[in-house]
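K.L.:
So the protein lines, in turn, are chains X and S.
Quick note: the first sequence uses this note's numbering, first residue 1, plus one each step.
Quick note: the second sequence uses this note's numbering, first residue 1, plus one each step.
It is possible that some hints are incorrect.
Stretch by stretch, here's where chain S covers chain X in the computed footprint (C-beta under 8 angstroms, at least three residues) [as the list claims (entries may be wrong)]: (1) 96-107; (2) 121-132; (3) 140-153.
Just so you know, the hints here were simulated from the structure itself, not pulled from any lab data.
Beta carbons: idealized from backbone N, C-alpha and C, even for Gly.
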Amino acid sequence: MTKKLLPASAFLLVVFTFAAQPAAAQPGEYKAVVHHLRSNYHAKKVNIPFMWLARFAVSVVRPAGVKSFNVTLFQDLQFSRETLDAEMQATMRNSFGPAWSPILRVRSHDGQQAYMYIREAGQNLKIALVTIDNQNAAVIRATFSPDRLAQFINNPEIFGISLNDDRERKAGSENITTDKKEVN
Amino acid sequence: MLFVLAPAMANAQDARLHLDRLNGLETKARDVVEVNIEGKMLDLAKRVLAKMNDQDARKVGQAISGLQAIYVRAYNFENENQYNTTDIDEIRSQLQTPGWEKLANVRSKRNNQKVDVFTMFTGDTMSGVAVVVSDAKSVAVVNVIGPIDIDLLAELSGKLNIPKIDIINDNDKSKTPKE
Numbered sequence: 001m002t003k004k005l006l007p008a009s010a011f012l013l014v015v016f017t018f019a020a021q022p023a024a025a026q027p028g029e030y031k032a033v034v035h036h037l038r039s040n041y042h043a044k045k046v047n048i049p050f051m052w053l054a055r056f057a058v059s060v061v062r063p064a065g066v067k068s069f070n071v072t073l074f075q076d077l078q079f080s081r082e083t084l085d086a087e088m089q090a091t092m093r094n095s096f097g098p099a100w101s102p103i104l105r106v107r108s109h110d111g112q113q114a115y116m117y118i119r120e121a122g123q124n125l126k127i128a129l130v131t132i133d134n135q136n137a138a139v140i141r142a143t144f145s146p147d148r149l150a151q152f153i154n155n156p157e158i159f160g161i162s163l164n165d166d167r168e169r170k171a172g173s174e175n176i177t178t179d180k181k182e183v184n
Numbered sequence: 001m002l003f004v005l006a007p008a009m010a011n012a013q014d015a016r017l018h019l020d021r022l023n024g025l026e027t028k029a030r031d032v033v034e035v036n037i038e039g040k041m042l043d044l045a046k047r048v049l050a051k052m053n054d055q056d057a058r059k060v061g062q063a064i065s066g067l068q069a070i071y072v073r074a075y076n077f078e079n080e081n082q083y084n085t086t087d088i089d090e091i092r093s094q095l096q097t098p099g100w101e102k103l104a105n106v107r108s109k110r111n112n113q114k115v116d117v118f119t120m121f122t123g124d125t126m127s128g129v130a131v132v133v134s135d136a137k138s139v140a141v142v143n144v145i146g147p148i149d150i151d152l153l154a155e156l157s158g159k160l161n162i163p164k165i166d167i168i169n170d171n172d173k174s175k176t177p178k179e
């Protein structure tokens with residue numbers, strides 16, 4: 001019994017250590033934006049099932065060079081369209097320190113807004129994205145390695161399984177269908 | 001080394017437009033797009049492109065290797081003539097300063113459309129580009145800072161989503177079939 005319990009508890013310990021790590025290391029700016037959406041626009045947080053598992057999987061597999069990520073989804077935002085952009089710009093400016101650079105801001109008349117910031121973290125890059133679409137919002141932060149991203153683009157594979165083959169196969173089958181159409 | 005690079009760097013600095021003058025358009029605009037690709041983001045693009053197996057992608061990386069920044073501002077308005085034209089004229093007046101050369105200039109009475117393309121050169125190298133487009137309901141400004149290898153980009157035209165550029169050399173003209 002003890003023999004079985006020991007590896008199981010060791011596995012659980014590893015899982016929770018990895019799962020808790022991104023939350024503990026969550027930088028202030030991410031929390032500040034989430035807090036702003038929650039408190040100023042009475043946004044309701046949407047629970048994403050098995051998020052901890054996805055974060056753990058990403059920290060192990062590191063697909064496309066992504067080392068860690070955080071996602072917080074909100075719904076039922078209540079705001080004034082006239083002031084939202086100015087308020088969000090001020091919040092982003094105040095929350096993200098000088099190390100962060102704003103690279104994208106979009107405001108559209110149909111209620112969509114997007115704010116994207118980027119910063120260097122050693123050999124890695126951190127990207128923060130906030131999108132607001134009418135009453136819904138998403139706050140995303142990801143850390144990734146540009147070198148690993150280039151490797152992934154050159155040779156897209158996860159756990160040794162090439163994603164390229166699948167694409168090539170699909171492209172191949174598409175070619176066959178178009179050829180058939182041409183024959184017809 | 002520094003003495004050689006200094007004039008090029010100074011010119012590249014000059015190619016940066018003061019786009020904050022456009023902030024006045026923000027309040028009236030229906031849609032706003034603001035893109036600032038500089039330092040870290042460009043380094044990332046260069047790093048990724050340099051490590052790509054694809055030769056064309058590597059050439060793009062080479063062509064933009066000296067690039068320092070790309071800024072885009074676009075504003076759409078609900079109604080015609082809703083914005084103050086002096087705001088955009090202010091940007092155009094920045095392009096009248098020494099260093100900038102007019103490459104193209106289009107004026108159309110339809111929608112009051114104006115298109116201006118300016119370039120800045122350091123020796124034989126293009127060190128900056130500015131495109132200002134305005135009409136009755138929209139304004140767009142693109143400002144590229146740093147050397148761009150035009151020959152290399154022309155070579156890549158039609159590939160990797162780069163628009164096809166037809167450059168006909170004098171030698172090629174003779175080969176063009178007569179209609």
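K.L.:
Checking each numbered hint in turn, tell me which of them this model violates, lowest number first.
P.N.:
2
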